[in-house]
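K.L.:
The numbering of the sequence shown is numbering that gives the first Met the number 0, which starts it at 0 and goes up by one.
Since the hints were derived computationally from the structure, they do not count as laboratory data. Because the structure is a prediction, the values reported are computed rather than measured. Wrong hints could be hidden among the right ones.
With a Cα cut of at most 25 Å, we get these calculated DSS-like pairs of lysine-lysine [said to hold, decoys possible]:
| id | residue 1 | residue 2 |
| --- | --- | --- |
| 1 | LYS7 | LYS27 |
| 2 | LYS13 | LYS53 |
| 3 | LYS43 | LYS26 |
| 4 | LYS26 | LYS7 |
| 5 | LYS26 | LYS45 |
| 6 | LYS45 | LYS16 |
| 7 | LYS53 | LYS7 |
| 8 | LYS47 | LYS9 |
| 9 | LYS41 | LYS27 |
| 10 | LYS53 | LYS16 |
| 11 | LYS27 | LYS45 |
| 12 | LYS53 | LYS66 |
| 13 | LYS7 | LYS45 |
| 14 | LYS7 | LYS41 |
| 15 | LYS40 | LYS53 |
| 16 | LYS47 | LYS13 |
| 17 | LYS26 | LYS9 |
| 18 | LYS47 | LYS7 |
| 19 | LYS9 | LYS45 |
| 20 | LYS13 | LYS40 |
| 21 | LYS13 | LYS43 |
| 22 | LYS53 | LYS43 |
| 23 | LYS16 | LYS43 |
| 24 | LYS7 | LYS43 |
| 25 | LYS13 | LYS45 |
| 26 | LYS16 | LYS26 |
| 27 | LYS7 | LYS40 |
| 28 | LYS26 | LYS41 |
| 29 | LYS47 | LYS26 |
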Amino acid sequence: MRSDVINKLKENEKFLKYLRENSDWYKKLNRDPDSYDLFIKKMKEKYKLRTIDKVDNFVDSVDLITKIISASNE
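Please build the complete structure, drawing on both the sequences and the hints.
P.N.:
Next up, the structure:
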């Protein structure tokens, strides 16, 4: 694997965790270092780190708080 890819992976602990859990990525990144962007995309999908996932979590939290407040007012 190229040293620049290794350094990018070492920057974030979640990258390394995903790489260890999905060892097929070692081979993919070694053969095609340009697949790093796809690796990041898949990691974000699995750990729900995409913007849409964050928005969904926020909406769910607001909905839960609203339900708690309305239940306490009854």
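K.L.:
Against each hint, give a clear statement of whether it holds in the structure.
P.N.:
Comparing the hints with the structure gives:
1. Simply put, LYS7 and LYS27 have alpha-carbon atoms about 15 Å apart, close enough for the 25 Å limit, and the pair holds.
2. Among the hinted pairs, LYS13 with LYS53 is consistent with the structure: their alpha-carbon atoms are about 16 Å apart, no more than 25 Å.
3. The hinted pair formed by LYS43 and LYS26 meets the criterion: a straight-line CA distance of about 19 Å does not exceed 25 Å.
4. The suggested pairing of LYS26 with LYS7 holds, with an alpha-carbon distance near 16 Å, which does not exceed 25 Å.
5. Of the supplied pair hints, the one linking LYS26 and LYS45 holds, its CA atoms being roughly 19 Å apart against a limit of 25 Å.
6. For the hint linking LYS45 to LYS16, the alpha-carbon distance of about 11 Å falls within 25 Å, and the restraint holds.
7. Annotation: proposed proximity of LYS53 to LYS7 holds, straight-line Cα distance about 23 Å (limit 25 Å).
8. For the proposed pair LYS47 and LYS9, the alpha carbon gap of about 20 Å is at most 25 Å, so the pair holds.
9. As the CA atoms of LYS41 and LYS27 are separated by approximately 13 Å, the hinted pair is consistent with the 25 Å bound.
10. With a C-alpha separation of about 20 Å, the suggested pairing of LYS53 with LYS16 holds against the 25 Å cut-off.
11. Annotation: proposed proximity of LYS27 to LYS45 holds, straight-line Cα distance about 18 Å (limit 25 Å).
12. A hinted pair counts as satisfied when its Cα atoms are at most 25 Å apart, and LYS53 with LYS66 qualifies at roughly 20 Å.
13. Restraint check: the Cα-Cα separation between LYS7 and LYS45 comes to about 19 Å, which is no more than 25 Å; the hinted pair holds.
14. At most 25 Å may separate the alpha-carbon atoms for a hinted pair to count; LYS7 and LYS41 meet this at roughly 16 Å.
15. Of the supplied pair hints, the one linking LYS40 and LYS53 holds, its CA atoms being roughly 15 Å apart against a limit of 25 Å.
16. For a cut-off of 25 Å, the pair hint linking LYS47 to LYS13 stands: about 12 Å separates their Cα positions.
17. With a CA separation close to 17 Å, the supplied pair LYS26 and LYS9 stays within the 25 Å bound.
18. Of the pairs offered as hints, the one joining LYS47 and LYS7 holds, with about 20 Å between alpha carbons and a cut-off of 25 Å not exceeded.
19. Simply put, LYS9 and LYS45 have alpha-carbon atoms about 19 Å apart, close enough for the 25 Å limit, and the pair holds.
20. Annotation: proposed proximity of LYS13 to LYS40 holds, straight-line Cα distance about 12 Å (limit 25 Å).
21. Of the supplied pair hints, the one linking LYS13 and LYS43 holds, its CA atoms being roughly 9 Å apart against a limit of 25 Å.
22. Under the criterion of a C-alpha separation no larger than 25 Å, the hint pairing LYS53 with LYS43 is consistent with the structure, at around 11 Å.
23. Of the pairs offered as hints, the one joining LYS16 and LYS43 holds, with about 12 Å between alpha carbons and a cut-off of 25 Å not exceeded.
24. Using a Cα cut-off of 25 Å, the hinted pair LYS7 and LYS43 holds, with the two alpha carbons roughly 15 Å apart.
25. With a C-alpha separation of about 11 Å, the suggested pairing of LYS13 with LYS45 holds against the 25 Å cut-off.
26. Taking the CA atoms of LYS16 and LYS26, the gap is about 16 Å. The hint holds against a cut of 25 Å.
27. Distance hint between LYS7 and LYS40 is fulfilled; the C-alpha atoms sit about 14 Å from each other, no more than 25 Å.
28. Proximity of LYS26 to LYS41 is assessed by CA-CA distance (about 15 Å); at most 25 Å being required, the pair is judged to hold.
29. With a C-alpha separation of about 24 Å, the suggested pair LYS47 and LYS26 falls inside the 25 Å cut-off, and the hint holds.
Consistency with the previously given hints is maintained throughout, with no hint failing.
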